[in-house]
Structures are given as C-alpha cells and as structure tokens.
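Undergrad: Read off the chains here:
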Amino acid sequence: MSSGQKGVWIELAVAIATYVVYAIVVLGEVGRSSWATVPYAPLMLWAIGASVVATVIVRTVVAAIAPKDADKRDVRDKQIYRFGEYTGHWVLVAGAIAALLLAVIKVDYFWIANEIYLAFFVSSVLAAVAKLSAYGRGLPAW
Amino acid sequence: MVRATRVTNSIRAMRAEHGDLTQAELAERLGVTRQTVIAIEQGKYSPTLEMAFQIARVFGVSIDDVFNYPE
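Chains as they are written, first to last, in this note's numbering: chain S, 1 to 142; chain C, 143 to 213.
FYI, nobody ran anything at the bench for these hints, they're computed from the structure.
There may be inaccurate statements among the hints.
To be verified - Subject to a maximum C-alpha distance of 30 angstroms in a straight line, what follows is the list of computed DSSO-like cross-link-like pairs (lysine-lysine): (1) C:Lys186 - S:Lys106; (2) C:Lys186 - S:Lys68; (3) S:Lys72 - C:Lys186; (4) S:Lys78 - S:Lys68; (5) S:Lys6 - S:Lys72.
With the rest of the complex left out, here is chain C (with noise of 0.2 angstroms):
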C-alpha cells in the first residue's frame, strides 16, 4: 500500500539558526542535490537513516532534535 511519509522535521529552522545556512550547501555538505535537501524539507522525501545521521550531525544534534514521528 503507496502511502505519504509521516515523518516531519525541523530542518529549515534549523538552517536558519545555523547562520542562514543555505540549502545549497547543505546539500553540499551532505553530498546530495539541493533537490533532495528541498524534498526532505518539505517532507515528500524521507531520507535513509545514514543520510539523517549526516543531517543530525551538520547541526550538531541528535537525529530525534530534527526528525519527529507522530504517536
């Protein structure tokens, strides 16, 4: 069964507290292209679980800081 993600996160505001951290380079950072970094922001993209460990630690935080799963 196709269903939607239900993992949201806190990416963009997380950019912006990192010094208006661009989605370019945080694609840069991460290796991916700023596509994927727009579709994880928006939530039509939910990225491995080595991908989110990357994102995590570019903000210095744990995965659970960024990426949430309602009940």
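For reference, chain S alone in the conformation it holds in the complex (with noise of 0.2 angstroms):
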C-alpha cells in the first residue's frame, strides 16, 4: 500500500470517528435537555481540531513505522487525490446552498452550523471513499 493510499485510510478513519464521537456527545445533550441549550459550537470545535491532531498524529506515526515509504508520493497519488477531492465538491456545495436556504428562513444556528459540519464530513468520507476505489480499481478515463 503507497503512502498516499494510506494517508486516505487515516483520513477517513478519524474523519468517521471524531464525527461519530461529536454526533453521540450531542445527541446526548440533546436528549438530556433541548437542542436550543445545547453547548454545540466548543463540542464542535474540539472534534474539528481533534480530527486535525489525530491525522497529523496518526500520519507520523505510520511514517516512523515505516519510513522508505514516508512522503513518496508521484504524479498517480496527484490525479487520485485530484479525482477524490472532485468527487466529493459537489456534496460541500448542496451543503452551502442547503446552509443558504436554512439562513434565508431562519433557521437557528444550531441547525445551520450542524448542517455544514455534516457536509464537510459527508464530502470528506465520498472523497476518500473515491480515492479509495480509484486506488483499488484504476482511475477512471474520462
């Protein structure tokens, strides 16, 4: 496995797990009170600078496992990340339109940040997932 395939592995991993965490913790508050007194945006945060943490973690440690594979990455893992982050643009844009939508009605900001959290995640992990597929079955030729 190159490097570059297993920087997408971490990536998705702690993407899932800090988002997994932050969802539990949240709907955990919420179930003890209401989502209006919900201390969301610190949880927020926390899983956000989490998840930047735990891949720059994560990453070195793999690196210092194995370090002839460290940083070597050509032109294929490129157009593989290039196609990746492609694929998954189009759900951050539903999600900033659907954020739009919800500031135009006036949604609470509760929801509106809530919902652009969970479009950053659902491209992040699409991304990956398309990264993946392109490392295991070929990049597609358009």
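Two independent chains are provided; combine them into the complex using the hints.
TA: What follows is the structure in structure tokens.
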C-alpha cells in the first residue's frame, strides 16, 4: 500500500471517528435537555481540532513505522487526490446551498452549523471512498 | 462519462527481457511508487505522456512498442 493510500485510510478513519463521537455527545446532550441549549459550538470546534491533530499524529506514527515509504507520492497519487476531491466537492456545494436556504428562512444557528459540519463530513467520506476506489480499481478515464 | 482505460501495455514482458527488472527497480528509475508500476501493468492506470516516454526510454524502445491502443 502506497503512502498516499495509507493517508486516505487515516483521513477516512479519523473523520468517521471524530464525527461519530461528536454526534453521540451532541445527541446525548439533546436527550438530556433541548437542542436550543446544547453547547454545540465548543463540541464542534473540539471535534474539528481533534480530527486535525489525530490525523497528524497517526500519519507521523505510520511514517515512523515505515520511513522508507513516507512522503513517497507520485503523479498517480496527485491525480487520485484530485479525482477524490472533485467527487466530494458537489456535496460541499449542496451543503452550502442548503445552509444558505436555512439562513434565509431564519433557522437556528444550531441547525445551520450542524448542517455545514455534516456536509464537510459527508464530503470528506465521499472523497476518501472515491480515492480508495481509484487506488483499488483504477483511476477512471474520462 | 467514466470508463475504464483501453490502453494496454507490454511492460511485464519487457521487464523480463531486460534482465528480470523488478517492479521496484523500474519504479525507482521512473521516480514513482511500486504501486504505480503495478497499476500501469495491470491496466488500472494510464500513465501520463511524460511517464510513458520515460518507460519507453528505460527499455530503449518507442512508446508504440510498450503501449497499445485498440483501433
């Protein structure tokens, strides 16, 4: 497995783990009180920060375990990266449009922020799945 | 429309003809990962034109001798 492919697996695992933990904590808080009083902002910022830090730490550990392959990325890795980001991009656009509509109809910040975070999460998962598919089955020709 | 590549190649045979050049050795000479050489050999990845020239140069042949595109 190339270092580029390992990186995608790490990003996917960390993204899912942090979002699932965030969702469980927020839903637990909603169950105890009401969504209007849930302190979602610090939880969300912690989840995003933890995701970034965890990705860096795991990547560093993996690079230390296999230093020979670390940072070895070629043109195929770059093309697969672009393909994955392109695939996941439309979810971000759809999420932005949905957030815009929620703001227009004056929905609470809680829902707008969580809708945007969900869009980022789904986009990153979709991008990672597309990249892993390209690594395993081949990069599609257009 | 997404479709599979129609480009085929004879890299595996050429490696054998050139002193059993390993995938790792070819990758090293091309400056790419071994996984990329494997993907090219298996027809899962069409190399860039520049890489195709580099591969042909390693074997001392023209691109047409390494890569084929069906009519």
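Undergrad: So, for every hint listed, does it hold in this structure?
TA: Here is how each hint holds up against the structure:
{"no.": "1", "hint": "C:Lys186 - S:Lys106", "verdict": "violated (49 angstroms)"}
{"no.": "2", "hint": "C:Lys186 - S:Lys68", "verdict": "holds (25 angstroms)"}
{"no.": "3", "hint": "S:Lys72 - C:Lys186", "verdict": "holds (20 angstroms)"}
{"no.": "4", "hint": "S:Lys78 - S:Lys68", "verdict": "holds (19 angstroms)"}
{"no.": "5", "hint": "S:Lys6 - S:Lys72", "verdict": "holds (11 angstroms)"}
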